[in-house]
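2 protein chains.
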Amino acid sequence: MTNKPHKKPLILITNDDGHMAKGLRKLIDLMKPLGELVVISTEQVMSAKGHSITTTPTLTARLVENGPDFKEYVCNGTPVDCVKLGYQWLLDRAPDLVVSGINHGSNASTNVIYSGTMAAAIEACMDGINAIGFSLDCYDLDADFDHLDEYIVTITKDVLQNGLPEGICLNVNFPKRGPEPIRGLRVCRQAAAQWTEAYSEFVDERGGTCLKLGGKFTCLDEGDDTDYYALQNNYISLVPTHFDLTAKQYIEGMRRFEHIIENK
Amino acid sequence: MTNKPHKKPLILITNDDGHMAKGLRKLIDLMKPLGELVVISTEQVMSAKGHSITTTPTLTARLVENGPDFKEYVCNGTPVDCVKLGYQWLLDRAPDLVVSGINHGSNASTNVIYSGTMAAAIEACMDGINAIGFSLDCYDLDADFDHLDEYIVTITKDVLQNGLPEGICLNVNFPKRGPEPIRGLRVCRQAAAQWTEAYSEFVDERGGTCLKLGGKFTCLDEGDDTDYYALQNNYISLVPTHFDLTAKQYIEGMRRFEHIIENK
Chain A
1 MTNKPHKKPL ILITNDDGHM AKGLRKLIDL MKPLGELVVI STEQVMSAKG HSITTTPTLT
61 ARLVENGPDF KEYVCNGTPV DCVKLGYQWL LDRAPDLVVS GINHGSNAST NVIYSGTMAA
121 AIEACMDGIN AIGFSLDCYD LDADFDHLDE YIVTITKDVL QNGLPEGICL NVNFPKRGPE
181 PIRGLRVCRQ AAAQWTEAYS EFVDERGGTC LKLGGKFTCL DEGDDTDYYA LQNNYISLVP
241 THFDLTAKQY IEGMRRFEHI IENK
Chain B
1001 MTNKPHKKPL ILITNDDGHM AKGLRKLIDL MKPLGELVVI STEQVMSAKG HSITTTPTLT
1061 ARLVENGPDF KEYVCNGTPV DCVKLGYQWL LDRAPDLVVS GINHGSNAST NVIYSGTMAA
1121 AIEACMDGIN AIGFSLDCYD LDADFDHLDE YIVTITKDVL QNGLPEGICL NVNFPKRGPE
1181 PIRGLRVCRQ AAAQWTEAYS EFVDERGGTC LKLGGKFTCL DEGDDTDYYA LQNNYISLVP
1241 THFDLTAKQY IEGMRRFEHI IENK
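The listed protein sequences derive, respectively, from chains A and B.
Per the numbering used here, the first sequence starts with residue 1, numbered consecutively.
Per the numbering used here, the second sequence starts with residue 1001, numbered consecutively.
If we strip away everything but chain A, and leave its shape as in the complex, we get:
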């Protein structure tokens, strides 16, 4: 870490749709006026790679642009690798903020646990760094992100100014552009929902059979306080998200295991 004074906040940008993704390029454009930027994006599409990290000696980060207040690297690892590599190796000071996205596709509800975009934000908040994941409820490669500009800038400026409580990051999902303007923002819990998988058989290049995961997303959670409900009703959803997987409400109920081990 240097002692040089830094007037602008340092923002680390990453994503999981690869370095060419339209959502990433949009996010970079929106962040440019807000700080000094370091982009570390994935070489490959890393959707649904969850909190995966690379533990083999194979990681690389290629500097592809090196301008004033703007550096861009392309990394051959996962989104979490991008974040770890960023502030533990590439940067000379800790970033003030990590922003991840804009993801092509919703990370609301149970999607968050599979999401590389959100894993990057969660990784940052595990290390005490403010972080936001932005996602659009539209999987199109050529999705329209232009209706999000002012929302993303407003939320980001607030986090830069006021910070977030320790140990949480924000999971922000936007509705797809529709005939009506977005109605506002709702602070939510993640909806309980399920993917019902459906595999299809394919013949690979060597004549073998392989399978492709498909699936149907079903939300049986009827609460009006969920991210799923907000998106369905043309609101932005914002879920404060943490990394503690303890189901605290069940700790007392599980004490029976202490007794069965004692008495076995």
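Treat the hints as calculated values from the structure; they're not laboratory data.
Just so you know, these numbers come straight off a predicted model, no measurement behind them.
Everything hinted at is true.
Straight-line alpha carbon distances no greater than 30 Å define the calculated BS3-like cross-link-like pairs of lysine-lysine that follow: (1) A/Lys157 / A/Lys32; (2) B/Lys1022 / B/Lys1071; (3) A/Lys216 / B/Lys1248; (4) A/Lys212 / B/Lys1071; (5) A/Lys157 / A/Lys7; (6) B/Lys1008 / B/Lys1032; (7) B/Lys1071 / B/Lys1157; (8) B/Lys1157 / B/Lys1022; (9) B/Lys1216 / A/Lys71; (10) A/Lys248 / B/Lys1157; (11) A/Lys157 / A/Lys22; (12) A/Lys212 / A/Lys176; (13) B/Lys1248 / A/Lys248; (14) B/Lys1248 / A/Lys176; (15) B/Lys1157 / B/Lys1007; (16) A/Lys248 / B/Lys1216; (17) B/Lys1212 / B/Lys1176; (18) B/Lys1032 / B/Lys1157; (19) B/Lys1032 / B/Lys1007; (20) A/Lys22 / A/Lys212; (21) A/Lys71 / B/Lys1212; (22) B/Lys1032 / B/Lys1176; (23) A/Lys157 / B/Lys1248; (24) B/Lys1071 / A/Lys216; (25) A/Lys22 / A/Lys8; (26) B/Lys1176 / A/Lys248; (27) A/Lys22 / A/Lys176.
Model the placement of chain B on the given structure of chain A, informed by the hints.
Just chain B now, with coordinates in the frame of chain A:
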């Protein structure tokens, strides 16, 4: 699903250390008297692959043993793929229990979010299936698992008999064999801890430079109710674990974002 009556519970076994791992083979041996087994393990080592899933049309599952009450498949995907593929494609009925492990290495504290072993158990409980992840606080390939036999069987029998509340699975970590016998079991919360990364440079086969992730685990959480504390004190730790990442205690505190979006 068939209507054939099933006397024995159906147990799906998986892991993230690959199909040859000593911990997996031990778990299979321990489960044999408890039910009809289907093993779906990973071809490769999939440690630290988190909740990653394979979305390309490349998945395969090779049947390597097909005996009475015992089938074993080797899958080229991740631990979560093994679970999804298991009950959505390979099995003719939903398993009564998914057991994952025995992992070579602790999945206590924040390790849980990187863990393929625990991701498999979490995936099962997302679909309403009872699930347990077992891990030993020792990374050795030839680790000694023999002091765990009676504990694993006792915990598994209890879950088969009594089930678990919907939406949670168990993260069970065992201390490494020491001079003293294990003191008992503690139901815990996961400890707040951090990995401080340290990357080392390597020269790859083409003369390029690549990086390998290393790191130091630091637990500053001094609570005596954590899984880290239990393991350090020669207790088995059991953490009821869920998949809801909402930081519920911060929902009210985040309402400011509703107002700034309204008033922008």
